[in-house]
Structures are given as C-alpha cells and as structure tokens.
Amino acid sequence: MTTASAGPSARSATPVLDATAGVAESVRREMERAFRRSVKGLEYISTGDPGVGLTPKDTVHSRGTLRLYHYRARVDEVYRTPILLVMSLISKPYILDLAPGHSLIEFLLDRGFDVYMIDWGTPRPEDSRLRLEDYVLDFIPECVEVVHERSGEPDVSIVAYCMGGLLGALYAALHPDASSGGRLRNLACFTTPVDYDGMGLFRTWTDPAHFDVDRIVDRLGNVPPQMLYASFNALRPASQVAGRVRLWDNMWNDEFVTSYRRLQRWAADQIPFPGECFRQTTKELQQQNLLIKGEFRLGGRLVDLSNIKVPFIHVVAEHDHIVPYEAARDLVGMVGSEDRQELMLKGGHVSLVAGGNAVRRLWPRLEGWLAERSV
Amino acid sequence: MSDERPTPSPPADPFAAWREWVTQSEHQMNKVFNDMMGTEQFARASGGWIEAMTMFQQTMNEGAQRYFQAVNLPTRNDLGDLAERLTAVEERLLRIEGLLAQAIGRKGDANPAPRPARTRRPPSERKATAPDEGSASE
Chain A
36 MTTASAGPSA
46 RSATPVLDAT
56 AGVAESVRRE
66 MERAFRRSVK
76 GLEYISTGDP
86 GVGLTPKDTV
96 HSRGTLRLYH
106 YRARVDEVYR
116 TPILLVMSLI
126 SKPYILDLAP
136 GHSLIEFLLD
146 RGFDVYMIDW
156 GTPRPEDSRL
166 RLEDYVLDFI
176 PECVEVVHER
186 SGEPDVSIVA
196 YCMGGLLGAL
206 YAALHPDASS
216 GGRLRNLACF
226 TTPVDYDGMG
236 LFRTWTDPAH
246 FDVDRIVDRL
256 GNVPPQMLYA
266 SFNALRPASQ
276 VAGRVRLWDN
286 MWNDEFVTSY
296 RRLQRWAADQ
306 IPFPGECFRQ
316 TTKELQQQNL
326 LIKGEFRLGG
336 RLVDLSNIKV
346 PFIHVVAEHD
356 HIVPYEAARD
366 LVGMVGSEDR
376 QELMLKGGHV
386 SLVAGGNAVR
396 RLWPRLEGWL
406 AERSV
Chain B
204 MSDERPTPSP
214 PADPFAAWRE
224 WVTQSEHQMN
234 KVFNDMMGTE
244 QFARASGGWI
254 EAMTMFQQTM
264 NEGAQRYFQA
274 VNLPTRNDLG
284 DLAERLTAVE
294 ERLLRIEGLL
304 AQAIGRKGDA
314 NPAPRPARTR
324 RPPSERKATA
334 PDEGSASE
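So the protein lines, in turn, are chains A and B. When the first sequence is numbered by the numbering used here, its final residue is 410 and no position is left out of the sequence of numbers. When the second sequence is numbered by the numbering used here, its final residue is 341 and no position is left out of the sequence of numbers.
Keep in mind that a hint or two might mislead.
Incomplete in silico selection of chain B near chain A, CB under 7 Å [as the list claims (entries may be wrong)]:
1) 249
2) 269
3) 321
Where chain B lies over chain A, by a calculated footprint (3+ residues, C-beta under 8 Å) [what the hints assert, rightly or not]:
4) 113 to 120
5) 125 to 132
Cβ-to-Cβ under 8 Å is the rule here; a few derived chain B residues that face chain A [what the hints assert, rightly or not]:
6) 218
7) 250
8) 275
9) 279
10) 286
11) 290
12) 319
13) 320
Hints listed in this document are in silico derivations from the structure and should not be mistaken for laboratory results. All C-beta atoms, glycine included, are put in the ideal place defined by N, C-alpha and C.
Only chain A is shown next, with the shape it has when bound in the complex (with noise of 0.2 Å):
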C-alpha cells in the first residue's frame, strides 16, 4: 500500500504541500472571478433593471388605485378553495412574483392553487384619508366578493405577508368565517406583527416624546416613501456597504447578480403610506399597542382576534430585523382556532418569502399547509 511504504519525512510534507496546493488553487480561482468581474461590471451598469411581476394575470376588479389581479392557472386540476393574497400597504407586491423560477405564484400555480392577489397600487394624494376601516371593512371584503364571484366556490384563504397579515388577521376577525355563513376557509400570515412593544427601534422612533405624527400627517398628507425607505435601512445601516461589496465579490456570478437587483429594485420601490392610515397604526397599534391589550377597535368594533375560528398558520423569520419575533410570536396564542400553528423557519424579513431559501423553506410548506385544508 502507498500509505505503508511513504516515510516519516514525505508524511511531513504532505500537509504543506496541500496547504500551498489550496492557496494556488484559491488565488487562482480569484483571478478568474476578478476577470469576470470587470466584464460583467460593465454589464451590470449598462443594462436596466430586470423586469418582474411577470406571471400571466387578469385584473378583475378595480377601484382607485387597487387591482385585484387573478393569476391564469397553468394546470388542468385546481384546489377548491382559490386564495386570496393580500399585500403590505407600504411594498410593491411583485415580491412574490419576483421572475419565473423565484415566484410564490408562479409555484402555487404550478402546485395548482386557483390565485388572486389585492395590489393596493401607489396612494394618491386623495388617498391620504384612506384608514385602516376602509381595508379591512371594504376594500377586502369587496375583493373577497368579487373572487367568490368570479370562481363560483363560496370560499377563499387569505395569505397575507407583513402589514397584510395585520388587514388580514383584522379582517378575519370582524367578519363571519366559512363556517358561519362568510366567506374565509384559512388564514395563512408571515411576519405579521401584534405587539409593538416588540417593535425594536421602530418603537423607539415614534415615541410621542419625540415624533409628531399630528405634524407630519398633517403637513404632508401620505408618508413619503423616501422616509420610509430611510427607516427600513436604518434598522442596519452597514448592510448597504455589506451588500454592495458582496455584490461586487459575486459580480461574475449571473444568478446572484440578478436576484440582488431583484430584491434591490423591491426594496428601493417603496410606496407613499396613507397618512391617515399612518396617524391610526402610529397611535394606536404603535405608541398605545391598543391591539394586544384587546383594545383596538375599527368603524366603533372591537377586534377580539380569539374571533379567528378557522385554520390558521403564522410563519416568522429567525433573523426578521424589520418584524421582530418579540412582535409577533403572540398572534398565535391570541387566535381561537382549533387547527393553528406557529412555524419558524431561518431566514429574514424578506428571504423569507422571495429567493433561494423561500423556495427550499416556505414554499412547501406552505403549499402542503394549504393543499390539505382547500379540498
């Protein structure tokens, strides 16, 4: 055998000639990338953003700036139960349909969900009297209606991501579930945040110590969408710098390049937030936490959330700096649905839902969550 016969001294060697062996091959391998680099560089300033949102709809029902898209279905044999995905008020909601390959519908489609969406659309200014009532007392039910409607089938789930999740669980509290003569059959949430104490900075931001939000709303009508995007990236300032030197790291890298501009085009995207809206989460979910402590009413109802009767699954993120788990972890507990869980899974805010470790992670499991409940 060769081990047997190699001596003490050849033995010795080995080890430092693999060490100096690696660091050629590293350094090497390093050349090549830095080559690639530049030329791809070269690319990555001269083309536009990558397009998104993609997957073949129809709107089916409009009112100011909301779209209620339906998603064309791409198999012969769908679930019952169509789903209803409602959006954050201050995204765009191409997050979940981000390109072919790395789209939440395109895969619920594929794994043969029937699949609308509510995309509120960017608020005008005459939106800024729009409130939280509006969402949840009207422009839900109405889409809920309308998908009722349109798919024959006298129910729906909801799925909803990060602010929708609050308008969802809100929604689903005021009014009859499938079982007593309404309309919702699940509710799925990510990220959806109940107590805001739990808030983090945000929470220390809008102490009404030292943030009016009276002046703000007052003088500006919607909250731009600059502010927003500037409170979002203060949560981690370095992470800019971070990701730019990883993007410029994995510039030779086709796959990581497009996914980056992706999620930064999304992030960067930002949509005013209607300054009514604003005073009312501000004041009252923000500073008072009126939610939690069961006193948050909407149009003079209370919001009792134990109202929740139906299957319900609340998906948060190990890492989340935007929804913290300290925000989020109660909503489970304060629903009164039998069939409930809490699922964790690694990841953050928004790898969460969109890239690779969605794909591997929530996806499936959200598909089997909801495959087994919408027959």
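Given the coordinates of chain A, work out where chain B should sit on it, guided by the hints.
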C-alpha cells in the same frame, strides 16, 4: 483495513477569511449603530430632523402652489381633484359595464381565463388512491 491518518483539513483560503471578516464587521457595525440609534438622544434628534424636513417640505409645497396659481397653471391639488373625478367616472363606468355584462348573461371579461376543474386532491390523498386509480392526475 482502516486508514489511521486524520482527515486533512481544507486548505486555508485567504478570500474566505476576508468574506468572513466582511460578515463579522457588518454584524458588529450594525450592532454599534443600533445601540446608538436606540437611545433617547437619537430619537429626539431624529424627531427634530423630521420636524425640520416636514416644515421645509410644507413650505416648498405652499410656495410652489402659490407660484403655479400666479402663472395661471394647475397646481398639484388641481390635478389631484381632476384625478379624483376621473377615478369616480371610471368606477361608475366599470359598474355599468358589470351590470351590462350581467344583463346579457355573461360574467367577467371578454376573454375569460381558462377554467380548470376544481377537483384537485392533496398529495397525501392522491398517493393513497393512486394504485386503484391507475395514474394520478398531475
């Protein structure tokens, strides 16, 4: 016969070390900044900054509005009012369109999306029934 030699450790990669340093630095810097931004002093300063910014924005808006009125051009508010009226007309048209479609017995748009059968079963049930059914529908 087992090989007694220990598994060789992967060769040192100076670039991997640099990447690790970037990640560690990012975490440390974020923590330092977050600690700083979590103080009352920062919250007060940021409140003052927002106050100044919104005041500036309001002054600019009012100045621009007065200028456009002086030169007899529509202001942002005028355009907003117009957009609101257009939206109301658009919504009324959509309602009329919907009622017309119902009246002639046709729901939805002119090119309705394909209507697949709503009979799909979850994978667990399809697996269980597959041997009897022959081939599972997919």
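The hints, checked one at a time:
A distance limit of 7 Å between C-beta atoms decides the matter here; for residue 249 of chain B the minimum to chain A is near 6 Å, and the interface restraint holds. Residue-level restraint check for residue 269 of chain B is violated (minimum Cβ-Cβ distance to chain A is 16 Å; threshold 7 Å). Residue-level restraint check for residue 321 of chain B holds (minimum Cβ-Cβ distance to chain A is 4 Å; threshold 7 Å). Residues of the segment 113 to 120 of chain A with a Cβ under 8 Å from some Cβ of chain B number 3, which satisfies the need for three, so the listed coverage holds.
Taking a C-beta to C-beta cut-off of 8 Å, the segment 125 to 132 of chain A contributes 0 residues in contact with chain B, too few for the three needed, and the coverage statement is violated. Nearest Cβ of chain A to the Cβ of residue 218 of chain B: about 5 Å, under the 8 Å cut. The hint holds. For residue 250 of chain B, the interface hint holds, since its Cβ comes within 8 Å of a Cβ in chain A; the closest pair sits about 3 Å apart. Among the interface hints, the one on residue 275 of chain B is violated; its C-beta lies about 21 Å from the nearest C-beta in chain A, farther than the 8 Å criterion.
Because the beta carbon of residue 279 of chain B sits about 7 Å from the nearest beta carbon in chain A, less than 8 Å, this interface hint is met. The beta carbon of residue 286 of chain B is positioned within 8 Å of a beta carbon in chain A (closest approach about 6 Å), and the interface hint is therefore held. For residue 290 of chain B, the shortest C-beta to C-beta distance to chain A is roughly 6 Å, which falls under 8 Å, so the interface hint holds. With its C-beta approaching chain A no nearer than about 5 Å, residue 319 of chain B sits inside the 8 Å limit, and its interface hint holds.
With a cut of 8 Å, the hint placing residue 320 of chain B at the interface with chain A holds, because the nearest CB-to-CB distance is about 5 Å.
Hint check: violations occur at hints 2, 5, 8; the rest are consistent with the structure.
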